[in-house]
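In UniProt numbering, the protein residues as written are 1 to 397.
Since the hints were derived computationally from the structure, they do not count as laboratory data. In this text, all values refer to a predicted model and were calculated from it rather than measured experimentally. Accuracy of the hints is not assured; some may be wrong.
Straight line, CA to CA, 25 Å or less: simulated PhoX-like cross-link-like pairs of lysine-lysine [unchecked claim]: (1) K85 x K261; (2) K237 x K261; (3) K85 x K177; (4) K237 x K177; (5) K309 x K261.
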Amino acid sequence: MPMTETPMTDGATPWAIQAPDVRRIIHVDMDAFYASVEQRDNPALRGRPVAVGGDRLRGVVAAASYEARRFGVRSAMPSVIARRKCPELVFVPPRFDVYRAVSARIHQIFARYTPLIQPLSLDEAYLDVTHPLLPRGSATEIAREIRATIRAETGLCASAGVSYNKFLAKLASDHRKPDGLYVITPRHGAEFVADLPVERFHGIGPATAARMHALGIHTGRDLRARTLEDLARHFGKVAAFYHGVARGVDHRPVESDRPRKSLGTERTFEHDLYEWSDMAAPMTDMCQRVWHGCERRDLTGRTVTIKIKYNDFRQIVRASTLMQPVATAQELSAHALGLLRGCFPPERGVRLLGVVVSTLLPRAQVKVQQLALALGPQSPDSVSIAGSGVGRRSAGR
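Could you put the whole structure together from the sequences, leaning on the hints where they help?
See the structure below:
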C-alpha cells in the first residue's frame, strides 16, 4: 500500500503536507497486555499459549497471548472452548492490581510528551502530539521513542499508529500488530480506508455490518459512494460519522479528561442458576461492589441496568431511569432486584449476571440539588446574612 511505514530513514517526516492545522494523533495499543505481563513476570510462561482467566467450566478468557491466538483463542471466549481449541493452553488467574500499576507507569511515559491523553482502557490510549512537550522532528519519531521507552521501562511491547485523526490512528496501530508502527498520512487516508471491509471500521459492529451488507455496502469505497441523506435513512444520527470516516475524515478531539459514563460489574457462574435466592444474593453483592466504586469516585447515577446471559449464550438487558439519583447501596440493590424479578422465572439456566449504573453525576452536585428542593424557593427576606448569625425577618414583624 502507498503508505509511509516505519522503519523510516533518519530525518524523514511522516506528513506529506506540513500544514499548521493538520493534527498529529498517536494510538498506542499494548500487545496482549494482560498475558504479556504474566509472561514477563513468569519466565516459565514465555513462548507458551497463555490465557488470563478462569479455567473452570464457566470460566471466560480475559486475554490471550499471541501463542494462544494462533490456535484461535480469543478474549471473551468461554474457557471450555478455548481449551478445546488449544489443549496445551495455560490458564493464569488475573491480577488486575498489577495490570493497573503497569498501566499507570505507561501513562506516566505518555505524559512526558503531551498532556492530551485519552485512555480507552488499561492497555490503549490516544495521544495528541500536535504540540508536544518535548521538541521532536515528527509524530512518528515520538511514537517510535514511546514504544522504545515502554519496552525499556516495563519490558512490554506496544504497537502504535500515527495519523491525522483518531479513527485512522487506531486503524494504523492495528495494521502492524504485534510490536509494530504504521503511519497513515493525510495524502493517503481516504485511499487506505477505501479497500477496508466495513467490519474493520471501529464503531461498526457485527449487527451494523450485516445491515450494511444487505444494502450492498462491503468496503469503505462502497460506503463512500452513499450520500449522507441515504445513510441517515438507514442508520440515523451515526450516519454522519460513517459518512466522514469513509472519506478519511474524523474531527473528534482527543479528550484528556473525558468523564466516565458508567460503572458496572458482572459475574459468570460455575453452574446454571434457576432459583431466585441463587440469583438475588450475587446480584446484591455486585450492587455493593458497584456502589463502592461510585463512592470512591464520588459519583452516583440515575440509570440502573442489569444483564442476564442464559446457558445458550442468549442475553437480555433491562434498564430503569430514575427520577432521583441512587443514594445508597441498598437503593441500588432494590432497583436491580426489581428489574431481575421482572425476568423471573428464567426461560432457561442463567450463566451470567451483571449490573451497571449510568447517567452519572457528582454526588456533591446531587446533594446541592436535593437541598435546594428541600428548602424550596427562598425570598430575599429569609436569606441568612453571612457572618451575622441571624436571618432577616420580614418587615412586618
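These are the hints, each one checked on the structure:
Among the hinted pairs, K85 with K261 is inconsistent with the structure: their alpha-carbon atoms are about 36 Å apart, more than 25 Å. With a CA separation close to 20 Å, the supplied pair K237 and K261 stays within the 25 Å bound. The straight-line distance between the Cα atoms of K85 and K177 is roughly 22 Å, inside the 25 Å bound, and the hint therefore holds. Under the criterion of a C-alpha separation no larger than 25 Å, the hint pairing K237 with K177 is inconsistent with the structure, at around 32 Å.
For the suggested pair K309 and K261, the alpha carbons sit about 23 Å apart, so the restraint of at most 25 Å is met.
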